[in-house]
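Asks: This is what each chain is made of:
2 protein chains.
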Amino acid sequence: MTDLSVKMEISFKSIGVVHTPFTSREGMPIQPSGAAGILGTIELNEDLVDGLLDLSGFSHIYLIYHFHRSDGFKLQVTPFLDNKVHGVFATRAPMRPNQIGISVEKLLAVRGNILEIENVDILDGTPLLDIKPYIPAFDIYKTEKSGWMENNRNTPRQVKSDDRFK
Amino acid sequence: MTDLSVKMEISFKSIGVVHTPFTSREGMPIQPSGAAGILGTIELNEDLVDGLLDLSGFSHIYLIYHFHRSDGFKLQVTPFLDNKVHGVFATRAPMRPNQIGISVEKLLAVRGNILEIENVDILDGTPLLDIKPYIPAFDIYKTEKSGWMENNRNTPRQVKSDDRFK
Chain D
1 MTDLSVKMEI SFKSIGVVHT PFTSREGMPI QPSGAAGILG TIELNEDLVD
51 GLLDLSGFSH IYLIYHFHRS DGFKLQVTPF LDNKVHGVFA TRAPMRPNQI
101 GISVEKLLAV RGNILEIENV DILDGTPLLD IKPYIPAFDI YKTEKSGWME
151 NNRNTPRQVK SDDRFK
Chain H
1 MTDLSVKMEI SFKSIGVVHT PFTSREGMPI QPSGAAGILG TIELNEDLVD
51 GLLDLSGFSH IYLIYHFHRS DGFKLQVTPF LDNKVHGVFA TRAPMRPNQI
101 GISVEKLLAV RGNILEIENV DILDGTPLLD IKPYIPAFDI YKTEKSGWME
151 NNRNTPRQVK SDDRFK
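Residue numbers (the numbering used here), protein chains in the order written: chain D, 1 to 166; chain H, 1 to 166.
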């Protein structure tokens with residue numbers, strides 16, 4: 001049943017870079033919900049600026065980016081918000097087989113190739129892979145269960161990152 | 001201000017493959033919200049199965065995948081749900097500079113390296129890049145505006161894909 005595509009290497013190029021106040025992996029906000037009011041900018045490659053047409057109509061956007069400071073991966077990790085080990089795919093930890101991060105950011109303004117964003121939980125210098133509009137009709141789901149997060153008393157507002165994924 | 005990382009090539013490997021009823025890009029559901037009840041499976045690479053520990057506690061998961069049947073990209077597109085041109089970053093269209101798709105799927109069961117999923121809007125054979133838990137506290141945002149989607153009378157329940165992104 002295994003498809004040949006499973007072994008395929010897939011190459012992307014950064015479409016721009018995210019500028020934020022965070023130059024160290026320690027002490028960072030965990031998730032945009034722990035980064036209220038923190039401002040950043042996206043510097044999109046200038047040859048892609050036509051792709052931003054009408055983006056400013058959306059108040060929230062997905063950023064898809066490369067966790068460029070994570071080397072290697074672990075299949076089981078203890079996430080910042082818990083004290084138990086979980087499979088990496090059951091967490092949002094950066095040390096993943098493919099080091100891809102997603103964050104929903106508030107979009108404040110688009111000026112040429114610069115996007116001003118808020119609620120930024122991303123390291124300075126992060127290579128950006130994609131921007132997509134956050135659309136409630138597509139992106140909000142009623143969940144029945146949220147696994148280890150349900151019994152967890154920590155929230156992103158209370159917890160910052162430490163050096164465990166160095 | 002431009003960082004050298006902007007030009008960097010970033011390589012990923014498929015972590016598995018998505019099996020679905022959809023072998024053609026035409027007539028497919030648009031977004032999981034247009035794919036109610038449609039079943040699929042994920043076949044995760046067997047060496048990654050330890051990464052699934054505790055994932056079954058979550059009712060919904062993000063899949064991040066490669067739009068492997070899209071060649072090249074356009075900076076401005078007319079999305080399936082509208083009749084006007086928009087910047088590709090203001091749409092979820094597949095012909096993007098980096099052909100990365102995200103979908104939130106309902107997770108029905110995890111059996112070894114096989115995940116049973118529902119509400120599948122993905123082409124058969126799609127290479128999977130990442131799985132993350134969908135966590136309401138991280139992923140649900142109150143939006144102030146939704147751009148061109150606001151005035152749009154079409155919904156994913158009414159519209160299927162056609163051959164415009166071939």
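Since the hints were derived computationally from the structure, they do not count as laboratory data.
Values in this document were obtained by computation on a predicted structure and should not be read as measured data.
Possibly wrong hints are sitting among the right ones.
Identical copies go unnamed one by one, so any copy, or any two together, can satisfy a pair.
[Claimed, not checked] Once the Cα atoms are required to be at most 20 Å apart in a straight line, the calculated EDC-like pairs of lysine to aspartate or glutamate come out as:
| no. | residue 1 | residue 2 |
| --- | --- | --- |
| 1 | Lys13 | Asp71 |
| 2 | Lys13 | Asp162 |
| 3 | Lys145 | Asp162 |
| 4 | Lys74 | Glu116 |
| 5 | Lys142 | Glu116 |
| 6 | Lys142 | Asp50 |
Asks: Against each hint, give a clear statement of whether it holds in the structure.
Replies: Each hint, compared with the structure:
1. Taking the shortest alpha-carbon separations for Lys13 and Asp71, both the intra-copy value of 18 Å and the inter-copy value of 15 Å come in at or below 20 Å.
2. Neither within a single protomer nor between protomers do Lys13 and Asp162 lie at most 20 Å apart by alpha-carbon distance, with minima of 29 Å and 28 Å respectively.
3. Proximity of Lys145 to Asp162 under the C-alpha cut-off of 20 Å is found in neither arrangement, the shortest distances being 27 Å within a copy and 35 Å between copies.
4. In the homo-oligomer, the alpha carbons of Lys74 and Glu116 never lie at most 20 Å apart, since the shortest distance is 33 Å inside one protomer and 24 Å across protomers.
5. In this assembly of identical chains, the alpha carbons of Lys142 and Glu116 lie at most 20 Å apart only when taken from different copies (18 Å versus 30 Å within one copy).
6. Taking the shortest Cα distances, Lys142 and Asp50 never come within 20 Å of each other, neither inside one copy (35 Å) nor across copies (27 Å).
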